[in-house]
Amino acid sequence: DVKVTQSSRYLVKRTGEKVFLECVQDMDHENMFWYRQDPGLGLRLIYFSYDVKMKEKGDIPEGYSVSREKKERFSLILESASTNQTSMYLCASSLGGPGQRAFFGQGTRLTVV
Amino acid sequence: TQLLEQSPQFLSIQEGENLTVYCNSSSVFSSLQWYRQEPGEGPVLLVTVVTGGEVKKLKRLTFQFGDARKDSSLHITAAQPGDTGLYLCAGEEYGNKLVFGAGTILRVKS
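Read top to bottom, the protein sequences are chains A and B.
All residue numbers for the first sequence refer to the working numbering, where the first residue is 958 and numbers rise by one.
All residue numbers for the second sequence refer to the working numbering, where the first residue is 9 and numbers rise by one.
The set of hints was computed from the structure by calculation and includes no laboratory data.
Keep in mind that the hints are not guaranteed to be accurate.
[What the hints assert, rightly or not] So the derived label-pair ranges between C-beta atoms look like this:
hint, chain 1, residue 1, chain 2, residue 2, range
1, B, Asp75, A, Arg966, 34 to 44 angstroms
2, A, Glu1026, B, Ser35, 27 to 37 angstroms
3, B, Ser35, A, Val1009, 23 to 33 angstroms
4, B, Gln22, A, Ser1039, 35 to 45 angstroms
5, A, Arg971, B, Ile21, 35 to 45 angstroms
6, A, Arg966, B, Leu66, 26 to 36 angstroms
[To be verified] Calculated cross-link-like contacts (lysine to aspartate or glutamate; reagent style EDC-like; alpha-carbon spacing at most 20 angstroms):
hint, chain 1, residue 1, chain 2, residue 2
7, B, Lys105, B, Asp79
8, B, Lys105, A, Glu1013
9, B, Lys64, B, Asp79
10, B, Lys105, A, Asp1008
11, B, Lys105, A, Glu1029
12, A, Lys960, B, Glu46
13, B, Lys105, A, Glu987
14, A, Lys960, B, Glu49
15, B, Lys65, B, Asp75
16, A, Lys1012, B, Glu101
17, A, Lys1014, B, Glu101
[Claimed, not checked] Non-contacting residues of chain A with respect to chain B, defined by C-beta distances greater than 10 angstroms in every case (computed):
hint, residue
18, Lys970
19, Glu1026
20, Lys1028
21, Leu1035
22, Asn1041
C-beta: ideal position from N, C-alpha, C; glycine also.
Sequences are here, hints too, so could you generate the full structure?
See the structure below:
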């Protein structure tokens, strides 16, 4: 079965810190995604990558950047964390091609204080 | 990005009742996926519908994709407490990007 692993379940960071969220998938998937999930807002796409070194902005990329140097790893970077970035962050991966399901990690609950 | 409107946002029903969750958009998707999420976990796929008018059944769950591939519904028959959770619809845009609705929190009381 596909496994998507996020490096931390819970994280507490201070305002202004640079934060790295790591995600690794073990099934050679082309696509990887970073979402944030907030109550009543569902999952909002931050960034999407369809290949190594390729990335596309999602709906809410401001304040975030991403890195995909290897196919299995997709990192989300908060350049200078702010309290409004306190949220649940979910990473997902999928095969290329239409109709492919997304496999999600367990999420990272980030609190910025 | 295309928008997906999901309704209702919250549903609290008694065991044995039927319910329908709706997912609507003004845009066409190449596929529509339904996920269920438990607290503390990532969403898990329930079903993918691809063809306009398609109906899929998963035990007591029936999923329908609109003829124009812009909307979908999830119908649960005789809901049970184990159905409690967050239900999310996701539309696949061309290029494999997935956009999600806001979700429906379902609570089934015994």
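So, going through the hints one by one against the coordinates:
1. At about 42 angstroms, the CB distance of B/Asp75 to A/Arg966 agrees with the hint of 34 to 44 angstroms.
2. Roughly 33 angstroms separates the CB atoms of A/Glu1026 and B/Ser35, a value that falls within the hinted 27 to 37 angstroms.
3. At about 30 angstroms, the CB distance of B/Ser35 to A/Val1009 agrees with the hint of 23 to 33 angstroms.
4. Between B/Gln22 and A/Ser1039 the Cβ separation comes to about 43 angstroms, which falls inside the hinted range of 35 to 45 angstroms.
5. Checking the proposed 35 to 45 angstroms range against A/Arg971 and B/Ile21 shows it holds: the Cβ atoms sit about 43 angstroms from each other.
6. At about 29 angstroms, the beta-carbon gap between A/Arg966 and B/Leu66 stays in the expected band of 26 to 36 angstroms.
7. Restraint check for B/Lys105 and B/Asp79: satisfied, since their Cα atoms lie roughly 17 angstroms apart, inside the 20 angstroms limit.
8. Note on B/Lys105 and A/Glu1013: the hinted pairing holds, with a Cα-Cα distance of about 10 angstroms set against a maximum of 20 angstroms.
9. For the hint pairing B/Lys64 with B/Asp79, the CA-to-CA distance comes to about 14 angstroms; that is within 20 angstroms, so the pair holds.
10. For the proposed pair B/Lys105 and A/Asp1008, the alpha carbon gap of about 13 angstroms is at most 20 angstroms, so the pair holds.
11. This hinted pair checks out: B/Lys105 and A/Glu1029 have alpha carbons roughly 18 angstroms apart, not beyond 20 angstroms.
12. Straight-line distance between C-alpha atoms of A/Lys960 and B/Glu46 comes to about 17 angstroms, which keeps the hinted pair within the 20 angstroms bound.
13. A C-alpha spacing of about 12 angstroms is found between B/Lys105 and A/Glu987, which places the hinted pair at or below 20 angstroms, so the restraint holds.
14. With a C-alpha separation of about 13 angstroms, the suggested pair A/Lys960 and B/Glu49 falls inside the 20 angstroms cut-off, and the hint holds.
15. Proximity of B/Lys65 to B/Asp75 is assessed by CA-CA distance (about 17 angstroms); at most 20 angstroms being required, the pair is judged to hold.
16. Taken as a hint, the A/Lys1012 and B/Glu101 pair is honoured in the structure, with Cα atoms around 16 angstroms apart against an allowance of 20 angstroms.
17. Restraint check for A/Lys1014 and B/Glu101: the C-alpha separation of about 14 angstroms stays at or below 20 angstroms, so the hint holds.
18. Chain B leaves A/Lys970 outside its interface by the beta-carbon criterion, the shortest separation being 20 angstroms against a cut-off of 10 angstroms.
19. Remark: the non-interface label on A/Glu1026 is consistent with the geometry, its nearest Cβ contact in chain B lying 21 angstroms away (cut-off 10 angstroms).
20. Non-interface status of A/Lys1028 relative to chain B is upheld: no Cβ of that chain comes within 10 angstroms, the nearest being about 15 angstroms off.
21. No Cβ of chain B comes within 10 angstroms of the Cβ of A/Leu1035; the nearest lies about 20 angstroms off, and the non-interface call holds.
22. Consistency note on A/Asn1041: stated as away from chain B, and its beta-carbon is indeed over 10 angstroms from all of that chain's, at 18 angstroms minimum.
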